[in-house]
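If you read the sequences in order, they're chains A and B. When the letters of the first sequence are read in order and numbered with our numbering, they come out as residues 1 to 314. When the letters of the second sequence are read in order and numbered with our numbering, they come out as residues 1 to 314.
Quick caveat, the hints were computed from the structure, so don't treat them as lab data. One or more of the hints may lead you astray.
Same chains, same label: a pair holds when it works inside one copy or across any pair of copies.
[Said to hold, decoys possible] Straight-line Cα separation of at most 30 Å, DSSO-like style, residue types lysine-lysine; simulated pairs: (1) LYS67 / LYS272; (2) LYS289 / LYS272; (3) LYS251 / LYS61; (4) LYS186 / LYS239; (5) LYS45 / LYS21; (6) LYS105 / LYS149; (7) LYS67 / LYS150; (8) LYS251 / LYS18; (9) LYS67 / LYS186; (10) LYS149 / LYS67; (11) LYS45 / LYS251; (12) LYS270 / LYS45; (13) LYS149 / LYS45; (14) LYS150 / LYS39; (15) LYS291 / LYS39; (16) LYS45 / LYS18; (17) LYS249 / LYS186; (18) LYS53 / LYS21; (19) LYS289 / LYS61; (20) LYS105 / LYS272.
Note that the structure is a prediction, hence the values are computed from the model and not measured.
Protein chains: 2
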Amino acid sequence: MSFENLQKYLIFFSYLGKHYKGVQSQTRRIPTFETIGVKTVKEDKSIQIQLEKAFNRLLPKPKNEIKVGISSRTDAGVNALINSCQLSLAHPIEGCYYIPSHIVKTANDYFLNHNQSIILRRVVPVHHMFVAVLHALSRTYVYRIAVVKKPIHSKTDVDLTSLLPIDELYRCLPVCSPQGYLDIAKMQEVCDLFIGTHDFTSFRSPQIRDTRPSERTIYECFLRFIPDTYLNGCDPAYKNIDIIEIVIKGKSFLYNQVRRMVGALIAVGKGKNTVEEIRSFLHEPGSGKGKIIVPPPDGLYLANIEYDTNGLYI
Amino acid sequence: MSFENLQKYLIFFSYLGKHYKGVQSQTRRIPTFETIGVKTVKEDKSIQIQLEKAFNRLLPKPKNEIKVGISSRTDAGVNALINSCQLSLAHPIEGCYYIPSHIVKTANDYFLNHNQSIILRRVVPVHHMFVAVLHALSRTYVYRIAVVKKPIHSKTDVDLTSLLPIDELYRCLPVCSPQGYLDIAKMQEVCDLFIGTHDFTSFRSPQIRDTRPSERTIYECFLRFIPDTYLNGCDPAYKNIDIIEIVIKGKSFLYNQVRRMVGALIAVGKGKNTVEEIRSFLHEPGSGKGKIIVPPPDGLYLANIEYDTNGLYI
Numbered sequence: 001m002s003f004e005n006l007q008k009y010l011i012f013f014s015y016l017g018k019h020y021k022g023v024q025s026q027t028r029r030i031p032t033f034e035t036i037g038v039k040t041v042k043e044d045k046s047i048q049i050q051l052e053k054a055f056n057r058l059l060p061k062p063k064n065e066i067k068v069g070i071s072s073r074t075d076a077g078v079n080a081l082i083n084s085c086q087l088s089l090a091h092p093i094e095g096c097y098y099i100p101s102h103i104v105k106t107a108n109d110y111f112l113n114h115n116q117s118i119i120l121r122r123v124v125p126v127h128h129m130f131v132a133v134l135h136a137l138s139r140t141y142v143y144r145i146a147v148v149k150k151p152i153h154s155k156t157d158v159d160l161t162s163l164l165p166i167d168e169l170y171r172c173l174p175v176c177s178p179q180g181y182l183d184i185a186k187m188q189e190v191c192d193l194f195i196g197t198h199d200f201t202s203f204r205s206p207q208i209r210d211t212r213p214s215e216r217t218i219y220e221c222f223l224r225f226i227p228d229t230y231l232n233g234c235d236p237a238y239k240n241i242d243i244i245e246i247v248i249k250g251k252s253f254l255y256n257q258v259r260r261m262v263g264a265l266i267a268v269g270k271g272k273n274t275v276e277e278i279r280s281f282l283h284e285p286g287s288g289k290g291k292i293i294v295p296p297p298d299g300l301y302l303a304n305i306e307y308d309t310n311g312l313y314i
Numbered sequence: 001m002s003f004e005n006l007q008k009y010l011i012f013f014s015y016l017g018k019h020y021k022g023v024q025s026q027t028r029r030i031p032t033f034e035t036i037g038v039k040t041v042k043e044d045k046s047i048q049i050q051l052e053k054a055f056n057r058l059l060p061k062p063k064n065e066i067k068v069g070i071s072s073r074t075d076a077g078v079n080a081l082i083n084s085c086q087l088s089l090a091h092p093i094e095g096c097y098y099i100p101s102h103i104v105k106t107a108n109d110y111f112l113n114h115n116q117s118i119i120l121r122r123v124v125p126v127h128h129m130f131v132a133v134l135h136a137l138s139r140t141y142v143y144r145i146a147v148v149k150k151p152i153h154s155k156t157d158v159d160l161t162s163l164l165p166i167d168e169l170y171r172c173l174p175v176c177s178p179q180g181y182l183d184i185a186k187m188q189e190v191c192d193l194f195i196g197t198h199d200f201t202s203f204r205s206p207q208i209r210d211t212r213p214s215e216r217t218i219y220e221c222f223l224r225f226i227p228d229t230y231l232n233g234c235d236p237a238y239k240n241i242d243i244i245e246i247v248i249k250g251k252s253f254l255y256n257q258v259r260r261m262v263g264a265l266i267a268v269g270k271g272k273n274t275v276e277e278i279r280s281f282l283h284e285p286g287s288g289k290g291k292i293i294v295p296p297p298d299g300l301y302l303a304n305i306e307y308d309t310n311g312l313y314i
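Let the hints inform the model, and build the full structure from the sequences given.
See below:
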């Protein structure tokens, strides 16, 4: 299929992952009785499907099939301050193109009317050779931890959820320690270890077969403290916790690698692993495989994607 | 039904209202074909039903029917940092009572496992004469407004949603004005007008028949500015907005009264109403009825309930 007036766009959007099965649309095979066979259906609960539904509301209706190409995969429950995709649109009127602000408004109206936790940010016309996944220079992830301020020796002492501000529910990981704080100095040592190019085999899923190279480059890795003001002005539950964010920036990551890096950092912060152990996981690739707890998706945000704007933006 | 070892509890809990049809369980009448009649079912999407489901998980199973009495009604979409209810529990073992921390843990485990946006905070044993709705001394509401920092002349200029941090979606009201700010001094004048005892007929719903007295006492009414730090440490969208919270404290309120008070404050802030107009709405009860826009529930939080702890706590 070819259209004279096909325009490609780079689209930036944000979402909360809690009620979605990830960004990518999944196809599901359902047994059917009629043919004693199976049929393949697209799962409704992905960000991709919601984006495509929203773009199908464009008026006048585009002449081509709406299909977005996501730049950065995120799992079920993972949030994004920014993710991106490319989309080609063929305007039905010769010589006409869709205005970016019209695309933004149409999509956000659809999301609000359908109670979706997705916001369209910005639409940028790009060269037809542009591919969102390929032209991304880096991805930055942030993991939010809510450190409970009082010493808790076992999780049965106190129900951690009962201490969490309601605004932070499913948006951070509540963490407790016998000391009532994490060993930040040691966590910062581990952050420094991660920076640079390493074989991250130890930070691979032991279950999932993945034959891609396991060498990855980490550009930045650091801890950030959110000031101890009330983040929601009125919720006294913010007094119970300190919010710490772990920031990790790299070109690309292995499946669940960011979360395993966070898991290692938390384990060191709690004193369950030593800095030396994490160093050996990196230096002897695979030695730590399966030894790191994967924290839940709730606290994870894809926070930024950098693009090379040279030549491909129009 | 009477039980020897029936213990009454005052229970505090928080929730996000977006995916619920309000705090109170609604019964719905469904036509049935079998009897050409109707049957009454309890709606599943209320906070009350979720609380009752959670308490039904208590082990050992209570001997009495689980029925909570909510202290403060909130509409669909309204959030609560704190709401409260009373609950009586008859332990099946003679002379035994449920330990508060066990009730908290059981409920929060249920909510997390069922993706509910509810947190149980605290359980306090109370005298059997205690009634949560009656013994509340005051209720404090907070309404969050996200003021878009740049001048916007009409909503078609810019899609307001596209400027909102994803963490604030459905948790505040995005507001724009031709000046790019609200007239805070005039809003503060209106806050002062509201304080004290007034006939709030002008702030009543014109649709709903309600014969209760319309005189209400406002203890506190003020604006609060959330410091211009990144509330979520990493989301640059916080640069687009100023968060202002309107705090309103009273003993009790008419249906939608708080939201109409907020609507009046915003209208004055934008220059759509004068302080004098709002004053006349108060001084000539009913003169403003139907003239105030009711802002959406998303930004509204029930923030506190005060109790008289004298004698009724045990």
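Evaluation of the provided hints:
no., hint, result
1, LYS67 / LYS272, "neither (46 Å within a copy, 44 Å between copies)"
2, LYS289 / LYS272, "within (16 Å within a copy, 63 Å between copies)"
3, LYS251 / LYS61, "neither (36 Å within a copy, 53 Å between copies)"
4, LYS186 / LYS239, "within (25 Å within a copy, 33 Å between copies)"
5, LYS45 / LYS21, "both (5 Å within a copy, 21 Å between copies)"
6, LYS105 / LYS149, "between (43 Å within a copy, 19 Å between copies)"
7, LYS67 / LYS150, "neither (50 Å within a copy, 34 Å between copies)"
8, LYS251 / LYS18, "within (25 Å within a copy, 36 Å between copies)"
9, LYS67 / LYS186, "neither (46 Å within a copy, 50 Å between copies)"
10, LYS149 / LYS67, "neither (47 Å within a copy, 35 Å between copies)"
11, LYS45 / LYS251, "within (28 Å within a copy, 43 Å between copies)"
12, LYS270 / LYS45, "neither (36 Å within a copy, 39 Å between copies)"
13, LYS149 / LYS45, "neither (36 Å within a copy, 34 Å between copies)"
14, LYS150 / LYS39, "neither (53 Å within a copy, 51 Å between copies)"
15, LYS291 / LYS39, "neither (39 Å within a copy, 55 Å between copies)"
16, LYS45 / LYS18, "both (10 Å within a copy, 18 Å between copies)"
17, LYS249 / LYS186, "within (20 Å within a copy, 46 Å between copies)"
18, LYS53 / LYS21, "both (16 Å within a copy, 25 Å between copies)"
19, LYS289 / LYS61, "neither (50 Å within a copy, 43 Å between copies)"
20, LYS105 / LYS272, "between (49 Å within a copy, 25 Å between copies)"
Checked against the numbered hints given earlier, the structure breaks hints 1, 3, 7, 9, 10, 12, 13, 14, 15, 19 and satisfies all the rest.
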